[in-house]
Structures are given as structure tokens and as C-alpha cells.
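For reference, the chains in residue letters:
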Amino acid sequence: MEERILEVRDVVKRFGGLVAVDHVSMDVYRGEVLGLIGPNGAGKTTLFNVITGIYKPEEGTVRFKGMDITGLPPHQVAKLGIARTFQLVRPLKNFTVLENVVVGALQKSPNLGDAVEKSLEILELVGLYEKRNVASGSLTLVEKKRLEVARALALEPELLLLDEVAAGLRPKEVDALVDMLREINKRGITMIMVEHVMRAVMNLSHRIVVLHHGRKIAEGTPQEVANNPQVIEAYLGTGVE
Amino acid sequence: MGSLTRSIARNVAIAVIVIVVVVGLLAAAVLLRQRGGGEVTEIKVGVILPLSGKLAETGADLRDGIEFAVDQINSQGGVKACGGVPITVVWGDSAGKPETGASEAERLITQEKVVALVGAYQSAVTKTASEVAERYHVPFVNPDSTSPALTQRGYKWFFRVTPHDAMFAAQQVEFVNWLNQKFGNQIKTVAIIHEDSEWGSKVAEAWQQAFTQAGYQVVKVVKYHAATVTSLDSEVAALKAANPDLLLVAAYVQDAILLVRTMKAQNFAPKAVLAQDAGFITPSYKEQVGADGWYIFSREVFNWDLLEKISRLKEVNDAYKAKYGKDLNGNSARDYTGMWVLYYALEEACKKAKPSDLDAFRSALRDALANLNIPGDKLIMPWRGVKFDANGQNTLGQGIVVQMMEDGKYYTVYPEEFATKEPVFPMPPWTERGG
Amino acid sequence: MVSEIDVISAIINGILVGSIYSLVAMGLALIWGVMDVINFAHGDYMMLGGFIAYALYLAGLDPLVAVPVAFGAIFLTGVATQRLVINPVLEAPLVSQIAATFALLLMIRYGAEAAFGPYTRLVKVSYAETIHLGGITIFVPQLIGFVFSIFVALLLYLFLTRTYVGIALQATSQNREAAQLLGINVKRMYDLAFGIGVGIAAIAGVLLTTFYPLFPEEGGFFTLLAFIIVVLGGFGSVFGSYIGGLIIGVVETVSALFITPSLKDVVAFIIFIVMIMVRPTGLFGKKE
Amino acid sequence: MAELLKVENIEVFYGEFQALYGVSFHVDEGEIVALLGANGAGKTTTLKTISGLLRPRSGRILYEGRDITHTPPHKRVEAGIAHVPEGRGIFPWLTVMENLKAAAYVKRARERFEETLEFVFSLFPILKERRDQQAGTLSGGEQQMLAIARALILRPRLLMLDEPSLGLAPKLAYNVIMLTKQLRDEGYTILLVEQNVRLSLKVADRAYVLETGRIVKEGSSAELERDPMIRAAYLGM
Amino acid sequence: MRTGWSEIARQALSLPVLVAAFLLVVTPFGLYLADLPFIANMMFLSLMYAIAAMAWNLLMGYTGQLSIGHAVFFGVGAYTTMILVVYYDVTPWIGMFVAGAVAALVGLGLGVPFFRLRSHWFTLATIAAGEIFKLVFNNWEYVGSSAGLQMKIVPEGKALYYLQYAASYVYIYVALLVLAIELVVLYRIVTSREGFYLQAIREDELAAKTLGINTFKYKMMAMGISAFFTGMAGALYAVRYHFVEPAAVFDVITVSTYIAVAGIIGGIYHFAGPIIGSFIFLPAAEYVRVTIVARFPRLFGLHVFVLGVVLLVVSLFAPDGILGWMEKRGYIRRRRVIEV
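Protein chains in written order, with the numbering used here: chain A, 1 to 241; chain B, 242 to 676; chain C, 677 to 964; chain D, 965 to 1201; chain E, 1202 to 1541.
Here chain A stands alone, though its shape is the one from the complex (with noise of 0.2 Å):
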């Protein structure tokens, strides 16, 4: 677990006069989970956005397999091995469940016969076989956030981003969510996850990143940033001045 898979170098991301991401560094080892939180706000999803191409960083670098890749448009990143979900999830609301996931799997298997029998594998895998036919859009909020990960999974990532993929599940639904994802990173698949759901990040992630105000404050397993003061005043916030 010694390669670095990402690396993520001073990272400056700015909107107006807010910081949204304060010189920001880390690194990903290939094969492992790592969870990024942090309160609302920190600028969790915003790296996510620079990691993805869907912003430009004002100052850092982003490299991925040692390969620059800072500013390339996400399609390109995308293509690299670098699949993401969203917070808000977006499925393609008129496509079925099964096209949904085709999108994704046209791109490494441009013959739809075999696009069409991987995806189902992974509609298998997230447990969706059964909706393949249903339309994205009239899915449950549980359904959509596994069609995410399925989605993301179709362009067989190196590396996989995840943005609260637990946000809003009962905690059944979360755990049943955690193994899904532990039986995926099994499969060799990197991940970064943005997540609120402590449940979920500290059950699944080998390490974490803490980010409060755009910077890092922490970085650890889970039970270190756990007990890590700094951290809980970050979520708790202080009693007294």
C-alpha cells in the first residue's frame, strides 16, 4: 500500500473573497478508503470538484499516478480512472436504471452487447438487477445513492470518489451501504470519501483527513482523529472562550 495513487499538492481554490480550499495537501495510497470530513462548509466537496476537473485551482497540483492532471475537464479525468458520485444524487432521471449505468460502461467497452452485460454485473453488485428496467427518477433516495456507486463503478475507476453516499439513510440502510462498499474496495478499487455519516466513515476507512475552514486540521486513523481535540471542537464546537 506504498504507491501513491493521488497526489493532492497545496490546493487553492477561491470564490470572491472566500477560500473554499486553503492550501490543501494529501496523498492516497493506492487500495486503501480514505475519509475526508469535516463540518459543513469546509471545502470537502469543493476538492472534490478540483480532484474531478469541474474546478480549476488557483494555485496546487493534482496528480494522479504521478500524472499532472490539474485543470484537465472531467470528461478527460474521468476517462484517466477517476469516477466520483455526487452529494446531490443525479441520476439521468428519464433513463432506466440499466441506460443509466451503460453510460458509463460505453466508455471502456464501446460494444454495447458487452456495456450492457457488465453493467448488469454491477447493477448485481449494488443490488439493483431487479429495478434495471425501472426509470432512474422514481427510484427511492437508497436506490439512488447505490445507482451512484454503480454508475461511477461502470467506468472501472482506479480511484473512486464519494460524496455522502450515506447522507439521509437509516442506519440498516447505512451498514447495508458500508459492506457494499468495503466488497467494491475489496475488488482493488481506491476510494475517497466526503461523508457526514460517521457510521459509515468510521467503520469503512482505513484513514481519514479532517478539513475545517478549507485546511487541513487532522490527518489519521479513524480512532486518532477521533480523539483528536482539535477535531472535536471542530464538530462540537467549544463551551467556553
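These aren't lab readings, by the way, just hints derived from the structure by calculation.
Keep in mind that this is a model prediction, so the values were computed, not measured.
Even glycine gets a Cβ: it sits at the ideal position worked out from N, Cα and C.
Just so you know, not all the hints are guaranteed correct.
[What the hints assert, rightly or not] Taking CB as the label site, the calculated pair distances span: (1) Lys1359(E) with Lys564(B): 23 to 33 Å; (2) Ser988(D) with Asn763(C): 34 to 44 Å; (3) Leu831(C) with Thr661(B): 48 to 58 Å; (4) Lys65(A) with Val1313(E): 28 to 38 Å; (5) Val841(C) with Gly220(A): 54 to 64 Å.
[What the hints assert, rightly or not] Only pairs whose alpha carbons sit at most 20 Å apart, straight line, appear in this in silico SDA-like list of lysine to any residue: (6) Lys1529(E) with Asn94(A); (7) Lys461(B) with Phe934(C); (8) Lys93(A) with Ala1367(E); (9) Lys1418(E) with Pro73(A); (10) Lys397(B) with Pro1356(E); (11) Lys172(A) with Gly986(D); (12) Lys800(C) with Met646(B); (13) Lys527(B) with Lys863(C); (14) Lys1359(E) with Ser552(B); (15) Lys93(A) with Lys1353(E); (16) Lys79(A) with Trp1526(E); (17) Lys93(A) with Phe977(D); (18) Lys172(A) with Val1180(D); (19) Lys564(B) with Asp1405(E); (20) Lys1353(E) with Ala631(B); (21) Lys79(A) with Lys1418(E); (22) Lys397(B) with Ala1367(E); (23) Lys93(A) with Pro1498(E); (24) Lys800(C) with Tyr396(B); (25) Lys863(C) with Ala1043(D); (26) Lys662(B) with Ser552(B); (27) Lys1039(D) with Asn851(C); (28) Lys172(A) with Tyr985(D); (29) Lys1353(E) with Pro389(B); (30) Lys1529(E) with Ala135(A); (31) Lys172(A) with Pro1036(D); (32) Lys354(B) with Lys1418(E); (33) Lys1359(E) with Met646(B); (34) Lys93(A) with Ala1221(E); (35) Lys172(A) with Met1193(D); (36) Lys567(B) with Pro1498(E); (37) Lys863(C) with Leu1018(D); (38) Lys1418(E) with Lys65(A); (39) Lys93(A) with Arg1535(E); (40) Lys1353(E) with Lys564(B).
Given the structure of chain A, go ahead and fit chains B, C, D and E onto it with the hints provided.
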């Protein structure tokens, strides 16, 4: 297995139904085609006009002119050489669009089986409609389009009764020469302002040529887009800067009104303004422009005061007024005349062929038109007559020049044989008039 | 060829005619800002205002009397339109919204043509005089129109910034949900925005009749101009639209002076496209 | 103490997604009640349902004993419910004064606007100083003050604050939360949603803990402060 | 993934398509026999607009980009055909395809700047482009300025080369040919990977990007093809009427908007929607015009007013068009790209 036979049976059933329907339709079509024939009780003429769309107002006027001519022809005994059968008009609406004009022409020719077409006012529509007539070998009588290009196409079935813009331009040069003679060479420089559709552009082109050839100096040509014009301030400023003796104008209604107002606003008063009818002679312009329109010359094809000069005209106009509550104008009078021209040709054609043999009759009608020679005194127009050249252009037509006087009415000032007033020249400056 | 005085004169005339564009555009900007709807029929409400002025003129009154009348009548028409047509498609996809306002355009423009005929009408006012100032000529009705337009713009400005209702309207355009939380009835704001928006266009229509011929199809080009101006002045910025209108007026008259007048609209349209490419927030617009 | 607000068993959906599962709680006159819970637990949804931006599929909301479940949002404001939304919802292109005036659109606020304004300015003198400045140019803390000030202009009986300390420096966050205490002393009833758990428990009289759309715990602040479950709810321990 | 020709053949040979094709092929002949050029012309116009509206809908219904400037491509196509035949003696059989290609180039040229814009900004830019093209052609001497260009009448022996026939029925077959080509091409596209991507872009452009789709490239592709066939429709106009002028072929209402309205009325989310829409809207518009003008000759704009009412009713009560409405009622089903 059952489902397979069922689906075969269903397909066969559908195929049978389709074939029956198609055969039925074709049979009906053939039957429909064969209706008619036998004795001819009327002579059908197709008329294509802009009855809807932007020019519907003008279209209504043209329609009245045609309708009135047909009424008169029929009440005096129809087409006598064909046994006194009446003329029936089948209307086609071009909606002001060339493509609709073309399809209406085809409908009138093949479906309504008219012997000839009349129309279509806008030159663009006349172009496509007359092209269809040419291909079907149907005479096309055009009383009212003035683009010179129309009679430069080498068509055999196209006959234009009205003079065209190049002829008008030549005549306008004569008029200006006459003014110079009369008032002592005051006009040397000329400026032109025109809207940029085909009509305005071609008129301007003809003017530029004719006036330059006659030794006048064209100092400025300004064009604008009538459909979107909201102000003519800079246009008029540019004209004013050029300081011409004579301003030539080709404009539609809104822009004509706007132009006159802007000229007044900018106190731009050349020695004479000579307009090319259109906007300047529409009823709305005349009603609305008021004193601002005084002393402006316009080329016209027709004017109310010709009543005093042309005896036939007064009679016609009285009857027309009694029926429609308005006087004839350049548009209705031209289409009225066009219909009469067609009637004279019909009388000749009836001597050569029977209307029941449509192709032969159309051909005879074409020949009749080509050989027509109507003297001026049979017309209500101030023309020397109607006689078409090889291109189908009436060579005996001419325009007149009118000028709006202080009573807000246009008076004929040129040619002298039709004039009822002396021209006011030069035009008094804006600051020195009443109203 | 082109003298200084011509240029100055073109600029002044551009401002005078532009001030009418401004009014039309301000109304469009208000509707666009508050409701996020593009009103393709905007210029046609302006035309209706012109016909109201003409009706009063026929009754022997000065057309300017129609300013309050037209505003009132078209305001009510606008409120009715918003409730019956706009509101049902507010949440619909863009294509349905455009289809609906385009249907309005056809109905108003050609309904007017059916009702009044396609004829051109002209109003003759007693003050149709010109003023001459050292080679520059100004047509009095245009000047009066300009003054009225400033007056109306000022009133609208005061309304939007000094009255509770006006501020509530602005608030709605900036944050719909927060406005609701302050007790602002958003549906009512939509009624008001559409009513006032087309009402102001109707005032422009009235002012226009004193120096420009009136005909049922006159609105079309003004709508296109209003789009250009709203984009130029800054989407949703009512003040920016006023300035934008003056700028487009001047651009048209000045470019008519230097290139052929029949291409002056091309200049305006090119400015429009360049503007949405490089700075879609407009000259005075707000960043997104 | 009289019951000012009573939420009974509300179920709220976003399309197919159920956000609240039978949430019930009450707020008494004159108290500060905190709603705690991790992100996505349903706190904001609850406030939006009370102010009328969202409609519950079932359940009722009683305010001053009247059923307001089907009352439109602006009527609820007239009745005295003010909601300072998450992210403040100020009008960035209006001046401070215009932002305050926007709140005076409802009758109950307009009638006594000048008077309330005095009070608000005495609470937030900085706003008085910046009255003609565009609200978008204010600092985060000032914007939060403006948002609260604007709600106060409505002269509400029930003031709901959604994450008022969000995005503020610790010192400012502290001040803002402490302000609620002052407001309670002025006679306002406050429903507070706040991520700074310790701080909110410091000012609140009672609190409810929400987890994935359900109330999982309630009690006095003192009780909850000692409860290990709170930490678990936030940090997943 | 590419729909095989055998699959297309299977689709093309399915019963409803065969019946429709058979009727389309027989009808003009029947109309000719019955001497009903008015109906024949309606049919031609419906086909011409169907071709343009199908092309327009590749951008709208499939890619989610609303253009009200398709008159640009229509006009450019019409002019290209005309210039080639009038100045260079090139047969319209070739000219039509060149027209499509030139229109496609114009489309790609406009796409580069315009696809940086989103939703209504894109729409407004297309409107402006339409106006600019109209004004420029109006002032361009080479293309005859406002007078436009008219083909000379050629001797009958050359009719096939110059595609000049008196009867409109002939042109229906030309239009049918173009439509058939278009249907095959569009069908292949929308059922291919590219078409699939286009729809993904329509649904959510950002999501599409993160799924590895180069959205700009595919939008450009859609624009190019859309412009190509709209240009072909314009070419048909030139071929049919032997005449072009800026006012007719660059008109924002009768070209740009009618194309969109035909698509909307038929239903933009169905492959056949624009065809159905054109075959309803155009004949309806013509019928309304003819009957209303005949009955109320003095109420000038009434027929357009009636069209406005129709459009309003559709946009309020059947915003997804006739096919969308039928789908909602369960009468028809939208074909899925993939069904397993």
C-alpha cells in the same frame, strides 16, 4: 403456434385493408379528375393577391379593383365572343410569401383550371407565381409589380401591364429636366434614400443610373431596413450633410411617415422631394401625415384629379365609390385595368379557340395578349395604351407626378396634358409654412 | 465626411430614442429578474399601450393622457396573463415557457391586427415642433418622451427602493425562499412584477405614438432590442437596463452614421452575442 | 408555561425520499429549544416545515393552539413565526436598510417598524453604521446579524434560527449564540438548530436530538450535555 | 455500439413503418391523379418542415439545447443550392448535399462560441444569429441582396438535371428521399452510443461529464448534423420554388419558430414527434389561413391568432406534445435504447 398464425392473419388483414384503401383512393382520384368537361358556362380567372399577412391592407384594395372590373364586364354581357359567358374569379391568397404564391398558382391552374392568372403585387411573389404559370403554359397578367427584372426573364406567358421602375426612373428624369427648364436649372445634385427590400433597392439602382446618365450628380445614397426601423435620425442627418437639391425617396408607409417627420425635426428641406409612390400614396399616409407632407412630389400611376382629364374615369370612379365607399387609387385602378386588359384578350382568344379545350384556349389567350393593342382612350389610366413587347412589357404605359398641396390632396402636375395644377417649386422651408 | 456635429447630433438622437427602448427593457428586466421568465410578447404589450393612446387621441385627448390609463389597463392585463398563462408554466422546462410566451405574442399581435386592422396610424400632437441648438435639432415629442421616460424610470426606482412593496419585489428577485420567510407572498410578487413590467412597456408604447407610427406588428423588433438591452445592462438590473437602452440607442444612430444604416441592427446583435459570451452578467449586472 | 408550538407526528418527503419520520416535539413560550443532530438528520427540513416552505405528507403543526399545517408561509409570518434560514438568505444587492425594510412588508411589522428598528439597532450597532452599505459586501458575521435583525423586524413570537454560527470565526459564533439568550430575556421564544453542540446546550433550556429523520432523544440541556450519545451522533463513536 | 444495418432494416420493414411508407409513396401520385395541388403542397411543406424539425429536435429533444435560430441553417442551405445552380450550373442533386455540408460548417462555427452558453442564453444567441444572417444576406450583392435569386427555366430535356418540374408532386418524392436518408441517419445516431451520450447530456450535463463524456464534442456533433439536415430542408425550398430571398428563408417566425413549434406540438421526447407535429401543424396552419381568410377577409391577423391559441393550449395542457400526451395516457410507449 397459434400466435404465429394470428400474427400472419393480422398482417394479411392489414395489407388487404391498405391495398383496398389505396386502390379506392386512386379510383376516387381518377374519378375526381374526370369531373367537369362539357359545356363551359363561365371563364375562370385565378387572381393571386396578398390577402393575409403584412400587405393584407393593400391586398384588400387590389381585390376591390379586380372585383369591380369583373362586375362591370359581366354586367355588360360577359365575354361576348364566347357566347356571353361571365368571368368568374377564383381567389388565391399569397399571404405575401413567395412559396405560398407559387403553390396557389399551381392550385389555381391544375385544380381550378383557370384560363389565366392575374397578380401578385409583390415582385417576389410575382416571380414564383409567374414561374409556375410559365411552366404550365398559362398566361399571367401582372398589373401591379414594378421590378424591372420580371420582364427580363425571357418568359413567353408573362404580361406586365404597369410600367416598371426603370421606366419610371427615366420618366422622373424627364420630369426633373422639365422642372429645371421651367424654374431655371435649380436642381443639380440628387440624394437617394430607400428601404432595402428588393423594391427599394431596385428603384434606387434605376434612379442612380438614370440620373447619372442625364448629368445629375448623385451625392448620397442611404438605405435602411424598413422592418426594424425605429428611427431615421442619422439617416436624415447624413442626407442633410450631403445637401442635395433633390431628394428621391423609396419608402413604405411607416418609414415614409417617419422620414417626413424626421426631416421636419431636423429642418432638412431640399428644393424638392420626389417619392416613388408606395408609402407616400397609401391612404394611411395621406390621412396621417398632414401638413408635413405638403409639397412632396410623388411618382404615381393614377390620381383622383385625372377624373377631370379622363372622361371614362369619372364614370368608373363614381360607380366604384358608390359600391365601396372610397375612391379608386393607384393600386385598385391598376388591377382594375389589368382585368380589363385580360378581358380584351379573352374576346380575341374566343374567336380562335373554345374555353372547353383548355390548353388551346390558354394558348390562344397568350397570342391574343401578345398581339393586343388597346388605345389609351379605352383605359382609365393616363397611358397611351397597352401594347406588349417581346418580353411581355407594356410599352405604352407611363406614370404621372403628383404633388400634395395645402388641402392635403395630391394634384397631378406632370405630364402637362394631365396636369391640374402648377407645381410648387422649390419646396418652402419647414419654418415658413402653416398647418 | 462625417462632421463632429453629425456625431453629436447622432448621439443626442440616440439617447432620445434609446430612452424609449430603456423603458421597454426595464419592464422586461423586472419580469426576468423576479420571475426568471423570458417574456417574448413584451413588445406586444407595448403596442397595446400605443393603441390605448390612439383611442384617447381619437376621443380628442392628448395621447400623453394615456400614460396612466395605459399603465393601469395593461397592468391588469399583465396580472391576468401571469395568473392564467405564466404561472402554470413557471416550473416547466424552458421550452414550454418559451412556447407559452410565444403563443401570447401571436395572440396579442395578431389579435390586435384582427381587431384594428394592419393599418398604420399616426397621432398628431400640437407640440410636434423642433428645437434647434447650433446645428443640432431635437424633435419636441421625442424630448417629451425622454423626459417622461426619465420620470417613469425615476418613479420605478423610487418605488423599488423606497416602498415596502418595491423592496419586497427586489427581495423576491434576489432570494425567493428568504423572501417567503419574511412574509412576502411570492405569487403576489409575480403578479406585480408581470403587471408592472408590461405596464411600463405600455407607457413606452404611449410615448412612442407621439413621434412614431403605430401598427400592430411594431412590438416585434422592440422585444428583440429589449433582450439585447437587458443582457447589456445586466440581467435583472433595472437601472442597468435604463443605461443599456440609451447605449443601444446611441450605438444604432452612430453606427448608422459610419456604416450603412441597413446594417445598424447587425451591430446591436453582434454586441449582444459578444456580451453574453464575455460578460453574461452585463455592464451593471450582478455576479452569479 | 404555555405551549407556543406543537409539532405532531410530521412526515416529510422530497419526492420519493422521506426526510422526516413522525417527528413530534413542542416549544413552550419563552424558552430556547435546540434541535441537534448530524448533517442530514432532518433539522433544516423540520424548520422549513414549520415555516411552511415544505408541506408534511401527514401530521399537524399547531401554533398558539391553532392548526397551521395548511397555512401558506406568508400567513405564518404574519402570525409571528420567523425563520432565519441556513446560509442567512440575505438580499445581497439591497442595502442593509432595504434588507430590513423588506421584512417590514407584512402588516404586523410595518406598523411598528420605526420602533423595532431602534431596538434592532441597539442590539446590533454595527448595522446602524452600515445601513446604506450593500448587504453582499458585509462580513459573514455582519450578514448573520443582519439576517437575525431582519427576522426581529417581523416582531415574531417564535424565532427559528438555522445554523447561525455557520462559517463564523469561533469568537463571533460564540457571540451570536449568546445573543439568543439575550433575545429570550427580551421575551422571544427560540427554536435553535446549531452544529456547535456544546455552545447550544449552554444556552438552550431543552434539546431534541434528531437522527435520520427521527427524534431519538430529548431532555434538558444539563442532561444531554452529559450524555455520551451526543458525541456518538456527531462523531460516530 | 452501432445499430447494425440489419437492425435498421428490421425496423424499416416493420409493419407500421411499411404501411406509412407505402401511403407516403402512393399519396402524391393519387394527389396528382386527382389534381389536388393544394393538398400536395401541404404535404410537401409538411415534409420539408418535418425534415427541419427532426434535425432541430436532435439538438432540443436529444441534447437539450433549444435553438430558435434554425433559419440560419435553412437559409444557408437554400442559398447554397441556389448559388451553385445559378452561378456554377451544379445540379441540385449535388447542391442539396453541399448545402447540407455548408450549413453544417456554419453550425459548427456557431457551436464553438454558443455552446459555452447555457439554457436561455444559448436560445437568445441563436435568435440573434438568425437576425444577423438575415440582415447580412439582405445587404450582400453577390447573393442578390434583398431581391434574392431565381433559377432560369430550363428546357424540358434538362428537367432532371436541374430538378425543375411544373408539378409539385415530383418534389414530394425528392423530399421523401431526403427524409428517408435523414431518418436512417438520425435513427442510427440516436440508437448509438453517441445518441445515448446526447441524451445523457440533456438529462444532466455535469453528470455526463463526470461519466467521461466529452460533452462539447457531442454537442458539436449534434449541432453539425442538425444543421446539415436543416440545410437540406432549406435546399428543398430552393429546389421546389426555384427562388430564394432573405425575407422568406431567414424568417424568425415562419422558419425558426415554425420548426420549433412543429417539434413541440408533436413531442420533443419522441423520435417521430417532429414528423407528427409537422404533419399536424403545417396543414392546420394552411387550412386555418385559407378558411379564415375566406370567411373573414377583413380580420387580417385572425388566422395567426388562432395558431397562437393552439400553441397556448398545447403548452399549457400537453407540454410534452401529442406523443408525450399519448404516452402519459398509456396509448404508446417510448422506445428504450436498451431493454434487457
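Check your understanding: Of the numbered hints stated previously, which ones are contradicted by the structure, given in increasing order?
Key -> Hint check: 1, 8, 13, 14, 15, 16, 19, 23, 24, 31, 32, 33, 34, 38 and 40 fail, others pass.
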